[in-house]
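Asker: Sequence:
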Amino acid sequence: MAGKRRLLIPEVIQTSAMDCGPAALKALFDGFGVPVSYGRLREACQTDVDGTSVDVLEELAGKLGMDATQVVLPRDHVLLPETQALPAIMVVRLADSNLHFVVVWRRWGHLIQIMDPAMGRRWVTVTELMDRLYVHAIAVPAEAFREWAGTQEFLAGMHLRLSALVGKASAERMVSTALADASWKSVACLDATTRLVQTLVDGGGVERGEATARFLEQLLVEAHAALAEGRAEQVIPASYWTAVGGPADEEVTLRGVVCILARGIRQERAEDEPPLSADLQAALSEPPTQPLRELVGLMRRDGVLAPAFLAAVALAAAVGGFLEALLLRGIIDAGRYLTTQEQRLAGVVTLLVLMGVLVLLELPLAQGTLRLGRGLELRLRLAFLDKIPRLGDRYFRSRLVSDMAQRCHGIHQVRTVPSLAVSVLRATAELLVTTLGLVWLAPGSAPFILLGGGLALAVPLLAQRSLLEADRRMRDFDGVLSRFYLDAMRGAVALRAHRAEMTLKRAHEEPLHEFVRAARTLLSRGIITDTLATLAATGGSVAIVLHAISRGIEPGAVLLLVYWALALATVGKQLADALRLYPAASSLTGRMMEPLLAPDEVGAGLEDVADAPHAQAQGGVGFALRQVEVKAAGFTVLEGIDVTVRPGEHVAIVGPSGAGKSSLVGILLGWHRPSSGRVEVDGQLLEGQVLARLRRQTAWVEPEVTLWNKSLVENLAYGVETGDVLPRVGQALRAADLIEFLDKLPQGLQTRLGEGGSLLSGGQGQRVRLGRALLRPGVRLAIFDEPFRGLERDRRAALLERSRQELSGATLLCIMHDIEETMTFDRVLVIQGGKLVEDANPRELAARADSVYRSLLDEEARMRATLSGGGGWRRMVLEQGLLTERPATGGRGQGEAA
Numbered sequence: 001m002a003g004k005r006r007l008l009i010p011e012v013i014q015t016s017a018m019d020c021g022p023a024a025l026k027a028l029f030d031g032f033g034v035p036v037s038y039g040r041l042r043e044a045c046q047t048d049v050d051g052t053s054v055d056v057l058e059e060l061a062g063k064l065g066m067d068a069t070q071v072v073l074p075r076d077h078v079l080l081p082e083t084q085a086l087p088a089i090m091v092v093r094l095a096d097s098n099l100h101f102v103v104v105w106r107r108w109g110h111l112i113q114i115m116d117p118a119m120g121r122r123w124v125t126v127t128e129l130m131d132r133l134y135v136h137a138i139a140v141p142a143e144a145f146r147e148w149a150g151t152q153e154f155l156a157g158m159h160l161r162l163s164a165l166v167g168k169a170s171a172e173r174m175v176s177t178a179l180a181d182a183s184w185k186s187v188a189c190l191d192a193t194t195r196l197v198q199t200l201v202d203g204g205g206v207e208r209g210e211a212t213a214r215f216l217e218q219l220l221v222e223a224h225a226a227l228a229e230g231r232a233e234q235v236i237p238a239s240y241w242t243a244v245g246g247p248a249d250e251e252v253t254l255r256g257v258v259c260i261l262a263r264g265i266r267q268e269r270a271e272d273e274p275p276l277s278a279d280l281q282a283a284l285s286e287p288p289t290q291p292l293r294e295l296v297g298l299m300r301r302d303g304v305l306a307p308a309f310l311a312a313v314a315l316a317a318a319v320g321g322f323l324e325a326l327l328l329r330g331i332i333d334a335g336r337y338l339t340t341q342e343q344r345l346a347g348v349v350t351l352l353v354l355m356g357v358l359v360l361l362e363l364p365l366a367q368g369t370l371r372l373g374r375g376l377e378l379r380l381r382l383a384f385l386d387k388i389p390r391l392g393d394r395y396f397r398s399r400l401v402s403d404m405a406q407r408c409h410g411i412h413q414v415r416t417v418p419s420l421a422v423s424v425l426r427a428t429a430e431l432l433v434t435t436l437g438l439v440w441l442a443p444g445s446a447p448f449i450l451l452g453g454g455l456a457l458a459v460p461l462l463a464q465r466s467l468l469e470a471d472r473r474m475r476d477f478d479g480v481l482s483r484f485y486l487d488a489m490r491g492a493v494a495l496r497a498h499r500a501e502m503t504l505k506r507a508h509e510e511p512l513h514e515f516v517r518a519a520r521t522l523l524s525r526g527i528i529t530d531t532l533a534t535l536a537a538t539g540g541s542v543a544i545v546l547h548a549i550s551r552g553i554e555p556g557a558v559l560l561l562v563y564w565a566l567a568l569a570t571v572g573k574q575l576a577d578a579l580r581l582y583p584a585a586s587s588l589t590g591r592m593m594e595p596l597l598a599p600d601e602v603g604a605g606l607e608d609v610a611d612a613p614h615a616q617a618q619g620g621v622g623f624a625l626r627q628v629e630v631k632a633a634g635f636t637v638l639e640g641i642d643v644t645v646r647p648g649e650h651v652a653i654v655g656p657s658g659a660g661k662s663s664l665v666g667i668l669l670g671w672h673r674p675s676s677g678r679v680e681v682d683g684q685l686l687e688g689q690v691l692a693r694l695r696r697q698t699a700w701v702e703p704e705v706t707l708w709n710k711s712l713v714e715n716l717a718y719g720v721e722t723g724d725v726l727p728r729v730g731q732a733l734r735a736a737d738l739i740e741f742l743d744k745l746p747q748g749l750q751t752r753l754g755e756g757g758s759l760l761s762g763g764q765g766q767r768v769r770l771g772r773a774l775l776r777p778g779v780r781l782a783i784f785d786e787p788f789r790g791l792e793r794d795r796r797a798a799l800l801e802r803s804r805q806e807l808s809g810a811t812l813l814c815i816m817h818d819i820e821e822t823m824t825f826d827r828v829l830v831i832q833g834g835k836l837v838e839d840a841n842p843r844e845l846a847a848r849a850d851s852v853y854r855s856l857l858d859e860e861a862r863m864r865a866t867l868s869g870g871g872g873w874r875r876m877v878l879e880q881g882l883l884t885e886r887p888a889t890g891g892r893g894q895g896e897a898a
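The sequence shown begins at 1 in the UniProt record's numbering and counts up by one.
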C-alpha cells in the first residue's frame with residue numbers, strides 16, 4: 001500500500017446539500033496523501049456513476065486506486081480496535097432525519113476525530129458518535145450472513161465482549177459451539193444474547209461472575225427456541241439483533257452501520273481493471289487550482305504594461321523612502337559640508353524635490369491600482385457571462401442557488417486584489433532595501449540584521465496556511481448559511497402558515513455556531529500572527545541597535561541606525577497586515593473562479609451554430625432513444641427506453657406523477673446524460689454541436705420557465721432579436737389568447753410583469769410562456785410540459801388546438817395529466833415506473849380494456865365525477881372579480897371552482 005495516513009484529516013467543506021459524498025471521499029484521499037480534484041470528483045458522482053449513494057462511493061474509491069470495502073458492522077463493533085474499521089466513511093442521521101456521510105478518521109481515548117463535510121474537522125465523544133450512526137436494516141440471504149458472521153471482522157468484537165462477561169475460555173467454547181452450527185441462527189443468537197447481557201451488567205441489573213455466565217446460557221437457550229418459533233424479538237428486543245429472520249431461513253434482516261473501510265492506496269492497478277473515465281482521470285491528474293494565478297491571467301489579457309508600470313512605481317516608492325532617509329541623515333552633518341548659504345539652500349531644495357517626487361508617485365500608484373481593480377472586475381464579469389450558458393444543468397442542480405448567487409454578487413470584491421498585490425510588493429521591497437541599508441551602515445551586525453529581517457518576513461509567511469484554512473472555513477459556512485436566509489425570505493409565508501419557525505431555527509443554529517467559531521478562530525490567529533510578527537521585528541530591531549553600538553558605530557550614524565531598525569519593525573508589521581489579507585483574497589478568488597474552471601457541458605460548439613441561419617433545417621426534428629437508461633443520485637429514473645419519433649410528429653406523453661415523463665424530455669434538453677444507450681437527433685449522436693443546435697431550434701413551455709421583471713413584449717421576445725419577432729407579435733398574442741389580457745394592461749405591451757411574473761395569475765403566466773414559445777423563429781422541436789396549468793378546461797383545449805396549428809411543421813412532445821385531452825393526438829407514449837409501457841394511437845389504447853392508458857382514462861373520469869357531482873360540495877363562480885354561488889350541476893363551467 002502507498003500513501004501514509006496523516007495525523008489530522010484535511011478539511012473539505014461541502015457547498016451543496018448533495019455534496020457530502022464527494023467531499024467525504026476527497027477528504028479520505030487527501031488524508032492518505034493523494035490529492036484529487038473536488039470539482040471533477042463531484043462531477044463524476046453526478047455523471048459516470050450516477051449519484052452519491054454508498055455503493056457509488058465504494059465504486060469510485062476503488063476506481064481511483066483505494067483499497068476500499070463496503071461492510072455492515074454492528075454498531076458496537078465499529079470503534080473496537082480488533083475490527084480495524086478506521087478510517088472509514090460512515091452514514092449518520094442528522095437532526096432533521098436526513099442521512100449524511102462523514103469520515104471517521106482516528107480514535108483518541110474517548111474522543112473520535114471525524115471530518116463532517118457540513119461542519120469540517122471535529123472531535124466528538126464516543127457516545128455522541130454512537131448516537132448519530134445510522135443503523136441500516138437490509139434483507140440478505142441467510143447463507144451470505146452466515147458466511148460473513150464467520151469472518152474476523154464480525155467475530156473479533158463478539159469474542160471481546162463475551163470474554164469480558166464469562167472469561168476467555170468460556171467465550172472460546174461458546175463461539176466454537178455457535179460456529180459449529182451450519183445455519184445462521186446460533187451465531188445470531190449468541191451475538192444478540194451477549195449484547196443484551198452486557199447492557200444489563202453495565203446497568204447493574206446482573207452481577208458479574210458466575211451469575212452472568214449462567215444467565216447468559218439460559219437466555220441463549222430461550223433465544224434459540226424463540227427464533228425457531230418466529231418470536232425472537234419478543235425475548236430479545238430488536239435493537240440487540242444484528243440479524244433476525246423467520247422460520248423459513250431463506251433471508252435474514254441484517255442490521256448494522258454501513259461503512260466503507262479504507263485500508264490505504266493500492267500501489268498498482270490490476271491488469272483486468274477497465275480504464276478510468278475522463279472525469280475520474282481528470283480527478284487524479286488535474287492540478288490544484290490556483291485562483292490568484294487565474295486572476296493574473298485575466299489581467300494579462302489587457303496587456304502587461306499596466307501591472308508592470310505599477311510594480312515599477314511601487315519599487316520606486318520603496319527605494320525613494322530609502323533615499324529620503326539617507327538625505328535626512330545628511331542633514332545632521334550638513335554644517336560641516338554645507339558652509340555657504342547657497343549650498344544649504346540647495347540641500348534643502350534637493351530634499352524637498354525628493355519628497356515631492358515621492359508624494360507624486362503615490363498618485364499614479366493609487367489611481368493605477370484602482371483602475372486595474374475595476375478592469376479585473378469587468379473581466380471577471382464578462383467571463384461569468386460567457387461561462388454561465390456553457391455550464392450544464394447538473395452543475396446548477398447540484399449546488400445551492402444561494403451559494404451561486406453569493407458568488408456572483410461578490411465579484412466586486414476582487415477589486416481589492418491588485419491593491420493587495422501592490423501592498424505586498426511594496427512592503428517586501430521596503431523590507432529588503434531597509435535590511436540592505438542596515439547591513440551597509442553596520443556591517444559587523446549583519447547576522448543580527450539578516451535574522452531580524454528574516455523574522456519580520458518569516459512569521460507572517462509561516463502563518464499563511466493556518467490563516468487560509470480558517471478563512472476558507474468561515475467563508476464556506478457563510479455560503480451554507482446563505483441557504484437559510486434565502487429559504488427564509490422565499491418561504492416567509494409558508495414558514496408562518498406551517499409554524500415552522502422553530503424548525504428553521506434549529507437547522508440554522510448548528511452551522512451558525514460553526515460560522516462564529518470559524519470567525520473567532522480566524523480573528524484569534526490573526527491577532528497572534530500580528531503579535532508574534534511585531535515582537536519578532538521589535539526584538540530584532542533592539543538587538544540590532546544594541547549590537548551595533550557595542551561594536552563602536554559612528555555617532556553620526558546612530559540616529560539613522562535607530563530609524564532604520566525601527567522601520568524594519570514597521571515594515572514587517574505592514575507586510576504582516578498585507579499578507580494577513582491574502583487568505584481572504586485567495587478564498588474569495590477561489591469561490592469566484594470555481595465556476596469558470598468547471599468543464600463546459602452545453603456550450604461545446606456553441607460558436608459554430610450561433611450565426612447559423614434558422615432556415616438551414618426545414619421541418620420537424622426526428623430523434624431516437626435506443627435502450628436509454630438514466631440515473632440520478634443513485635436512483636434509476638428511466639430504464640430501457642426505446643422509441644423513435646418521426647419529424648413533424650405530434651406525440652402526447654402521459655403517466656402517473658413521478659413516472660419519468662419530464663425526465664424523458666429532459667434528455668433532449670440536455671438535463672440528463674444517459675448512463676447507457678444512445679440518443680440520436682436527425683441521425684446524429686446528441687452531444688456537442690448537435691445539442692447546441694437543437695437547443696436553438698427548441699421551444700419549451702413549462703410552468704417553471706422564468707418570467708422576468710420586464711415588459712410584456714420583452715418577455716415574449718426573450719432569447720431572440722426583437723426585430724425578428726415584432727411583426728409576429730399580434731399573431732402570437734391571438735394564438736396564446738392574450739388579446740383580452742393585453743387590453744387590461746395599463747401600458748399595453750410595455751407593462752412590466754413583476755418579479756417572476758408576480759403581477760400575473762398562474763393561467764396568465766402560462767399563456768405568456770406559450771406566446772414566447774410561439775414567437776421563437778425556426779422552431780423544429782416543441783416541448784410542452786403541463787403547458788396550460790391553471791387554465792379552465794375549455795380554454796386548455798382551445799389553446800392546445802391553436803398551438804398545434806401554429807407548430808404544425810414542428811415535432812411536438814406534450815406532457816399532459818389531462819388524459820382525455822390527449823385523445824386528439826395521433827400517438828401517445830405511456831410512461832410508468834420509468835419504463836415505456838405503451839406506444840400507440842390513443843383511440844386504439846382506449847379501446848383496450850387491459851391497457852394502462854384505459855385505466856388512466858377511467859381514473860380521470862371517476863375523479864371528475866366525484867368532484868363535480870357528490871354531496872357536501874358548494875359550487876362557487878368567480879367572474880369579473882365577483883364571487884357568487886350557483887346550484888350544483890353535473891359539470892363544471894368556465895371559470896368555476898369547487
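Derived from the structure by calculation, the hints contain no laboratory data.
Every value quoted in this text rests on a predicted model; they were computed, and no experiment measured them.
Beta carbons: idealized from backbone N, C-alpha and C, even for Gly.
Fair warning: there could be bad hints in the mix.
Label-pair distances were calculated between CB atoms; the ranges are [unchecked claim]:
1) ARG293 to GLU714: 39 to 45 Å
2) GLY762 to GLU501: 48 to 54 Å
3) THR199 to ARG231: 18 to 24 Å
4) GLN805 to ARG490: 52 to 58 Å
5) VAL34 to GLY719: 42 to 48 Å
6) TRP108 to ARG293: 16 to 22 Å
7) HIS409 to ASP858: 39 to 45 Å
8) LEU512 to LEU7: 53 to 59 Å
9) HIS409 to LEU742: 34 to 40 Å
10) PRO141 to GLY230: 14 to 20 Å
11) ILE549 to TRP108: 49 to 55 Å
12) GLN731 to GLY619: 52 to 58 Å
13) GLY648 to ILE739: 43 to 49 Å
14) PRO35 to SER466: 18 to 24 Å
Asker: Against the structure shown, which of the earlier numbered hints fail to hold, in ascending order?
Answerer: Numbers 2, 4, 6, 7, 8, 12, 13 - these are the hints that the structure violates, sorted from lowest upward.
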